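Participant: Here the protein sequences come in this chain order: A and B. Heads up: the first sequence runs through residues 0 to 187, numbered per numbering that gives the first Met the number 0. Heads up: the second sequence runs through residues 0 to 184, numbered per numbering that gives the first Met the number 0.
Please keep in mind that the hints were generated in silico from the structure rather than gathered at the bench. Predicted, not measured: the structure shown is a model, and the values here were computed from it. The reader is advised that the hints may include incorrect statements.
Claimed, not checked - No farther apart than 27 Å at their CA atoms in a straight line, the calculated lysine-lysine pairs in the BS3-like style are these:
hint, chain 1, residue 1, chain 2, residue 2
1, A, Lys103, B, Lys45
2, B, Lys39, A, Lys163
3, A, Lys164, B, Lys39
4, B, Lys39, A, Lys100
5, B, Lys15, A, Lys164
6, A, Lys103, B, Lys138
7, B, Lys134, B, Lys45
8, B, Lys40, A, Lys164
9, A, Lys100, B, Lys40
10, A, Lys11, A, Lys98
11, B, Lys127, A, Lys163
12, A, Lys98, A, Lys164
13, B, Lys134, A, Lys103
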Amino acid sequence: MIYFDLFLTFLKIGLFTFGGGYAMLPMIQEEVAAHSWLNQSELIDFIAVSESTPGPFAVNIATFVGTRTGGIFGGLCATFGVVLPSFVIILFVARFYQKFKSSKLVAGAMNGLKPAVVGLIGAALLSLSVTVFFPAGLNMAVFSTAQFYVSLGIFAVAVVLAFKKLHPILIILLSAVIGVIAGMIGTA
Amino acid sequence: MKRLPKTLSLFLTFLKIGLFTFGGGYAMIPLIQRETVDHKKWISDKDILDIVAIAESTPGPIAINAATFIGYRVGGFWGAMAATVGVVLPSFTIIAAISYVLAAFQNVVWIQYAFNGIRAGVLALIVKALWSMYKQSPKGIFSYLIMFGAFAVTAFLPVNVVFVILFCAAAGIVQALIIGRRDKR
Numbered sequence: 000m001i002y003f004d005l006f007l008t009f010l011k012i013g014l015f016t017f018g019g020g021y022a023m024l025p026m027i028q029e030e031v032a033a034h035s036w037l038n039q040s041e042l043i044d045f046i047a048v049s050e051s052t053p054g055p056f057a058v059n060i061a062t063f064v065g066t067r068t069g070g071i072f073g074g075l076c077a078t079f080g081v082v083l084p085s086f087v088i089i090l091f092v093a094r095f096y097q098k099f100k101s102s103k104l105v106a107g108a109m110n111g112l113k114p115a116v117v118g119l120i121g122a123a124l125l126s127l128s129v130t131v132f133f134p135a136g137l138n139m140a141v142f143s144t145a146q147f148y149v150s151l152g153i154f155a156v157a158v159v160l161a162f163k164k165l166h167p168i169l170i171i172l173l174s175a176v177i178g179v180i181a182g183m184i185g186t187a
Numbered sequence: 000m001k002r003l004p005k006t007l008s009l010f011l012t013f014l015k016i017g018l019f020t021f022g023g024g025y026a027m028i029p030l031i032q033r034e035t036v037d038h039k040k041w042i043s044d045k046d047i048l049d050i051v052a053i054a055e056s057t058p059g060p061i062a063i064n065a066a067t068f069i070g071y072r073v074g075g076f077w078g079a080m081a082a083t084v085g086v087v088l089p090s091f092t093i094i095a096a097i098s099y100v101l102a103a104f105q106n107v108v109w110i111q112y113a114f115n116g117i118r119a120g121v122l123a124l125i126v127k128a129l130w131s132m133y134k135q136s137p138k139g140i141f142s143y144l145i146m147f148g149a150f151a152v153t154a155f156l157p158v159n160v161v162f163v164i165l166f167c168a169a170a171g172i173v174q175a176l177i178i179g180r181r182d183k184r
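Chain A with its partners taken away, still in its complex shape (with noise of 0.2 Å):
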């Protein structure tokens, strides 16, 4: 049954990341492949209309994944998994607020949490590196290819421009610009 499937699987994704944005990464990753709902090409596009378009990414990519496989009724599916666990455990903690303030029990999880998040996002950056780099697979051909000479040279300019404070929505269409002049040139 998808929309349990779809439910089920985004209340897991909602339940264990801990810190907004790229942190639900990793676990995004995971399940989408294991349920093959998108592949790693499919997914990278994704980051980029999810940041183009308002709202949490979490939401956006529940939405998105709920939506292409299991309609209207899919979205909502995926959408309200991803959002109850935040939701029950806030009502709860918004009650025994000050207790949950100064706990030390979750002062140490968040200890280990914290920099465990930081290398999930790395091994997700790693693997997403890999399909954007080397497309067929890691072999030494890429290295004769114009793309792997073309995504390296927006990827560097790219960083520059992130630590910059540049505007993401500018930073995706700047590399759309060069991807769009980039290909206009390779069939011409």
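Guided by the hints, dock chain B onto chain A, whose structure is given.
Facilitator: Positioned in the frame of chain A, the structure of chain B alone reads:
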């Protein structure tokens, strides 16, 4: 009946927040602050700091956590519901629409070229996110062990991410308990 306008007001405020923040998460905090502290005066500046800390240390997207928390503080259960639905609704509607359109455009050749470029740009955005997560993370031998352990296990072994997360949280708790006991002596 005094409840209804407040619930509605929460819904509309968070609908606006959901509609006008791109990128989500931390990008939302300044707008939440402006709307709920400066305009509506529902909560104080100090509350915002607490809310960010709580949103970080509970699972789920920061925007949802913040909306639920503020909604509950201002209007109880229904307030929480109204704020959360409000913040999710714009994303949901826009992305549901896009998911139908995107498939139609995927075969246009210059869109494919554009995405070839965009993919490299997105990697750069993730590098930036990785750096800001690193800056927020505690430093020290324990943290670096967890960081590289989580990286290596996830990147090179077929281990479920959930186990990595649970193990690291447990390790953090054990470490806190050991330090706590040592400090007592």
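Participant: Compare the structure with each hint and give your call.
Facilitator: Consistency of the hints with the structure:
The suggested pairing of Lys103 (chain A) with Lys45 (chain B) holds, with an alpha-carbon distance near 21 Å, which does not exceed 27 Å. Taking the CA atoms of Lys39 (chain B) and Lys163 (chain A), the gap is about 34 Å. The hint is violated against a cut of 27 Å. Of the supplied pair hints, the one linking Lys164 (chain A) and Lys39 (chain B) is violated, its CA atoms being roughly 30 Å apart against a limit of 27 Å. Of the pairs offered as hints, the one joining Lys39 (chain B) and Lys100 (chain A) holds, with about 25 Å between alpha carbons and a cut-off of 27 Å not exceeded.
Under the criterion of a C-alpha separation no larger than 27 Å, the hint pairing Lys15 (chain B) with Lys164 (chain A) is consistent with the structure, at around 24 Å. Of the pairs offered as hints, the one joining Lys103 (chain A) and Lys138 (chain B) holds, with about 18 Å between alpha carbons and a cut-off of 27 Å not exceeded. Restraint check for Lys134 (chain B) and Lys45 (chain B): satisfied, since their Cα atoms lie roughly 23 Å apart, inside the 27 Å limit. For the hint linking Lys40 (chain B) to Lys164 (chain A), the alpha-carbon distance of about 30 Å lies beyond 27 Å, and the restraint is violated.
Using a Cα cut-off of 27 Å, the hinted pair Lys100 (chain A) and Lys40 (chain B) holds, with the two alpha carbons roughly 23 Å apart. Between the alpha carbons of Lys11 (chain A) and Lys98 (chain A) the distance comes to roughly 26 Å, so the proposed pair stays at or under 27 Å and holds. With a C-alpha separation of about 10 Å, the suggested pair Lys127 (chain B) and Lys163 (chain A) falls inside the 27 Å cut-off, and the hint holds. For the proposed pair Lys98 (chain A) and Lys164 (chain A), the alpha carbon gap of about 37 Å is over 27 Å, so the pair is violated.
Between the alpha carbons of Lys134 (chain B) and Lys103 (chain A) the distance comes to roughly 22 Å, so the proposed pair stays at or under 27 Å and holds.
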